[in-house]
Amino acid sequence: MGSNCWLGLGLLTMTIQQKLEMFDNDEQHLIDTTYTKKVDVPLYVPKYEKPNIYELYDNLKAIKLIQKINNSNVSEDEKKFLTLAAYRHIIFSFAKIADYYAHSSAEMQELMEQSALVIVDFDKAIEYGFVALNNQLSNQYLEEQSDR
Amino acid sequence: MIDNFCVFILSNNRHDRVYTYNTLREKNYTGKIFIIIDDEDKSHNKYIETYGSQVITFSKDEVAKTFDIGDSFDDKRAVVFARNACFDIAKKLGYTYFMQLDDDYTDFRWSFDDNKKYVTNKYIQDLDKIFKIMLDFYKKTSFTSICMAQGGDFIGGENSGLSKTFLDGQISRKIMNSFLCSVNRPFQFVGRINEDVNAYCYFGYKGYLFMTIAQLRLEQKQTQSNAGGLTDIYLSSGTYVKSFYSVLYNPSSVKVRQMGQNKKRLHHSINWDATVPKIISEKFKRYDVSQPKTN
Chain A
771 MGSNCWLGLG
781 LLTMTIQQKL
791 EMFDNDEQHL
801 IDTTYTKKVD
811 VPLYVPKYEK
821 PNIYELYDNL
831 KAIKLIQKIN
841 NSNVSEDEKK
851 FLTLAAYRHI
861 IFSFAKIADY
871 YAHSSAEMQE
881 LMEQSALVIV
891 DFDKAIEYGF
901 VALNNQLSNQ
911 YLEEQSDR
Chain B
45 MIDNFCVFIL
55 SNNRHDRVYT
65 YNTLREKNYT
75 GKIFIIIDDE
85 DKSHNKYIET
95 YGSQVITFSK
105 DEVAKTFDIG
115 DSFDDKRAVV
125 FARNACFDIA
135 KKLGYTYFMQ
145 LDDDYTDFRW
155 SFDDNKKYVT
165 NKYIQDLDKI
175 FKIMLDFYKK
185 TSFTSICMAQ
195 GGDFIGGENS
205 GLSKTFLDGQ
215 ISRKIMNSFL
225 CSVNRPFQFV
235 GRINEDVNAY
245 CYFGYKGYLF
255 MTIAQLRLEQ
265 KQTQSNAGGL
275 TDIYLSSGTY
285 VKSFYSVLYN
295 PSSVKVRQMG
305 QNKKRLHHSI
315 NWDATVPKII
325 SEKFKRYDVS
335 QPKTN
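Here the protein sequences come in this chain order: A and B.
Per the working numbering, residue 771 is the first one in the first sequence, and the count goes up by one each step.
Per the working numbering, residue 45 is the first one in the second sequence, and the count goes up by one each step.
In case anyone wonders, no lab produced these hints; they're calculated from the structure.
Here the structure is a predicted model, which is why all the values come from computation and not from measurement.
Virtual Cβ for every residue (Gly too), placed ideally from N, Cα, C.
Among the hints, erroneous ones may be present.
Unchecked claim - Cβ-Cβ distance ranges computed for the label pairs, FRET-style: (1) B:N228 - A:L854: 27 to 37 Å; (2) B:K183 - A:E846: 48 to 58 Å; (3) B:E93 - A:R858: 25 to 35 Å; (4) A:N822 - B:Y284: 50 to 60 Å; (5) B:E93 - A:A895: 26 to 36 Å; (6) A:V844 - B:H88: 41 to 51 Å; (7) B:N159 - A:N822: 23 to 33 Å; (8) A:Q915 - B:K76: 26 to 36 Å; (9) A:F851 - B:T283: 46 to 56 Å; (10) B:G205 - A:Q884: 25 to 35 Å; (11) A:S845 - B:G205: 39 to 49 Å; (12) B:T110 - A:I833: 30 to 40 Å; (13) B:N228 - A:Q884: 15 to 25 Å.
Stated by the list, open to error - Straight-line Cα separation of at most 20 Å, SDA-like style, residue types lysine to any residue; simulated pairs: (14) A:K820 - A:S875; (15) B:K329 - A:S875; (16) B:K250 - A:Y857.
Kindly produce the complete structure, drawing on both the sequences and the hints.
Here it is, written out as structure tokens:
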């Protein structure tokens, strides 16, 4: 088994927290020292490779619909409307989109954010919030169970 | 009591079976509760007799003008009107935060212990504290709405979908039943039925954030044994029609498929990868060094 295969298998079995740590070991101490229990954070970790932009969506159904619309006898305005509606059938892969985002230029990233193609956890609000939530719930659980 | 927060219980035509009210009090929720009913409810006076000034009545026709019902039918036996009315009611009452509950909750329980071990018979005792914990998280983050899980999410126990999601360190981007909301983070429930699924798919697709807190769960009265309320419309049209509303709103990522082992039924099936944008760490963002950082 080649080293790349081993790396791939390793990534599959890692927790999200471990994957995040690989990207930035320096920040690990923030979580370990701030909270009593280590909790997986619910963030998506983009892959190392940038996907081809054509992998981000599947527009087969939309293309088929648009072909039918173009071959039809409805008015031009109706064709315009139906064509716009056909785009509703494009299937986006938000995982691939996040992978693509991570390897894109600042300008491309900005435009992707504005279109809500990814949600960026600014200032780790979700990451820290989620850890704090889990910590508070654990404490509350223990408090309630010890009262019984 | 939690500042600037209240609970809305949505009810219809069953003033004598608002189970959630007593369950909340038994579980030590000490804050404000309002029962939300519509102006077409024939048992209006009975609600008033029982709950007095805690009853808030809204106009179904007025609320109907504010959102997309998703069809051309005229059956108004649906909860979507009340769900959407709550934002305006909270504003008028002067509350920023509110939790929207149905009227058939019989219990609130823990789903996981402090070591993430799946549990079923651990009962929540202090809802004041639980709601405060939820609200603290909600205020610190940009989620549009968060909720507790429901008993039905855990069919299959620790092998259920939600349990696996939680144990895998992921979050469920659904919201059902117990919606913690803010008047400053408005969204709409859309479609006559399946309005909760429609909302988290339709708005989730656009980048609105929703989350189910898997550790907490509510238990409901068995649907078909609690007639009145919203049950009738589901029984009359079945899950086939119900599920298709979500396909209407998200045709690229929601399908209807057959579910169940013994008792087959049609149900919506969500392709999550095609429905909600991923949440990623800011460390993957590149900043143009000539521009100041803006969130």
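Results for each hint:
no., hint, in the structure
1, B:N228 - A:L854: 27 to 37 Å, "32 Å, holds"
2, B:K183 - A:E846: 48 to 58 Å, "51 Å, holds"
3, B:E93 - A:R858: 25 to 35 Å, "49 Å, violated"
4, A:N822 - B:Y284: 50 to 60 Å, "39 Å, violated"
5, B:E93 - A:A895: 26 to 36 Å, "46 Å, violated"
6, A:V844 - B:H88: 41 to 51 Å, "49 Å, holds"
7, B:N159 - A:N822: 23 to 33 Å, "43 Å, violated"
8, A:Q915 - B:K76: 26 to 36 Å, "29 Å, holds"
9, A:F851 - B:T283: 46 to 56 Å, "32 Å, violated"
10, B:G205 - A:Q884: 25 to 35 Å, "32 Å, holds"
11, A:S845 - B:G205: 39 to 49 Å, "46 Å, holds"
12, B:T110 - A:I833: 30 to 40 Å, "36 Å, holds"
13, B:N228 - A:Q884: 15 to 25 Å, "21 Å, holds"
14, A:K820 - A:S875, "12 Å, holds"
15, B:K329 - A:S875, "9 Å, holds"
16, B:K250 - A:Y857, "15 Å, holds"
Hints 3, 4, 5, 7 and 9, counting from the list given before, are not met by this structure.
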